[in-house]
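Hey, can you work out the whole structure from these sequences and the hints?
With our numbering, letter number 81 in the sequence shown gets 81, and the count goes up by one each step, no holes.
Just so you know, these hints were derived from the structure itself, not from any lab. From the three backbone atoms N, C-alpha and C, an ideal C-beta is built for every residue, glycine too. Treat the hints with care, as some may be off.
Distance ranges between label pairs, derived from CB positions [claimed, not checked]:
(1) 205 / 49: 34 to 44 Å
(2) 337 / 284: 36 to 46 Å
(3) 93 / 261: 47 to 57 Å
(4) 100 / 179: 35 to 45 Å
(5) 303 / 35: 20 to 30 Å
(6) 24 / 74: 33 to 43 Å
(7) 339 / 70: 29 to 39 Å
(8) 44 / 102: 19 to 29 Å
(9) 69 / 144: 40 to 50 Å
(10) 44 / 197: 49 to 59 Å
(11) 313 / 141: 19 to 29 Å
(12) 155 / 205: 34 to 44 Å
(13) 313 / 179: 21 to 31 Å
Capping the alpha-carbon separation at 27 Å, the derived lysine-lysine pairs in DSSO-like fashion look like this [unchecked claim]:
(14) 93 / 115
(15) 195 / 115
(16) 53 / 72
(17) 115 / 72
(18) 93 / 109
(19) 67 / 93
(20) 24 / 53
(21) 72 / 109
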Amino acid sequence: MMKTLILAGASTLALSAAALAADKTLTISVYSFSQDAFQELVYKPFEEICGCKIVVETGNSVERMAKIEANKDAPVIDMAVLSTHDALGAARKGLLQPVDVAALSNYDKLYDIAKDPLGDNMGVGYTFYATSIAYRSDKVTVDSWADLLSPELAGNVALPDVTTNQGPPALYMIGKAMGETDTSLAAPIEAVGEKADDIVTFYVRSSQLAQLMQQEEIWAAPVGRFAWGRFKDNGFPMAWATPKEGQTGGMNVMVMTANNGNEELALQFMDYWLSTEVQTALANALIDSPANAEVTVSDEVAANLTYGAGTVAQLDLLSAETILDNRDSWLEQWNTKVVK
1 MMKTLILAGA STLALSAAAL AADKTLTISV YSFSQDAFQE LVYKPFEEIC
51 GCKIVVETGN SVERMAKIEA NKDAPVIDMA VLSTHDALGA ARKGLLQPVD
101 VAALSNYDKL YDIAKDPLGD NMGVGYTFYA TSIAYRSDKV TVDSWADLLS
151 PELAGNVALP DVTTNQGPPA LYMIGKAMGE TDTSLAAPIE AVGEKADDIV
201 TFYVRSSQLA QLMQQEEIWA APVGRFAWGR FKDNGFPMAW ATPKEGQTGG
251 MNVMVMTANN GNEELALQFM DYWLSTEVQT ALANALIDSP ANAEVTVSDE
301 VAANLTYGAG TVAQLDLLSA ETILDNRDSW LEQWNTKVVK
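Structural data, given as structure tokens:
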């Protein structure tokens, strides 16, 4: 009889815990890539720790931003990950609230560039990537961003379209090599326009670029470090340039939707994602370059990531404000000078 009562009591407790977990739900909006790995390395372990349920919504940036905005008055998303400029755009529309960084035990472990990239703690960087030039080392040597427009690469180079995340940063670095750091990008866009006939294509996807390199139609192109694996193992002698002007890149941030009512759980999840353990696991899986400066990985893994204090210090990133405030002008100039 006593055993029956104990079992019944245990069952009641289990049911109560299950009901509590069912009521404790965190809804997140994330990029669609590598979700199986994120389930294994981030979401499921956190669910076990918090006794909660994570609901994952994916899609492209436009779709996810639209959903957050459409539900501004009654948020259905608690936290999201976005590019810095998309996040700033959402903040300017009143869709976000500041992140209580004092509640993040792992905040001080982050590289400085990741701590407050938007200002006012409207977002926390969790990963970033370098953008440099991937090139055929048996064909050319690339020491400067200016080399992309050199006679040696004429007819064998691709550049990112201005509408891509890689486009404006690459143009900025070409301008920097010309001695022009004006974020209007007028000088580099003009220069690219003058050399447009020497450019094989203005690509919109890194997969398209990898195919062109594999087919030996191009020898060099700016590319994000996250795509480097597609190039370094393509069967040709490939190199990652370390231009004298430095490397550029981009960053993704975690943000908190305004008035979602689930701030405490969202902060717990953010903190978990920023932990050394989780950031190391994602780095070793070659998914995200770590924003947590305590992460250590093997040389082999590091070769595929944007990794280490030295690399981070060399990054010359366009600010979110610059991208958001200038992209319409950049596109207009591009259509006039380059597309023609």
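Hint check, failures only: 3, 6, 12, 15, 18, 21
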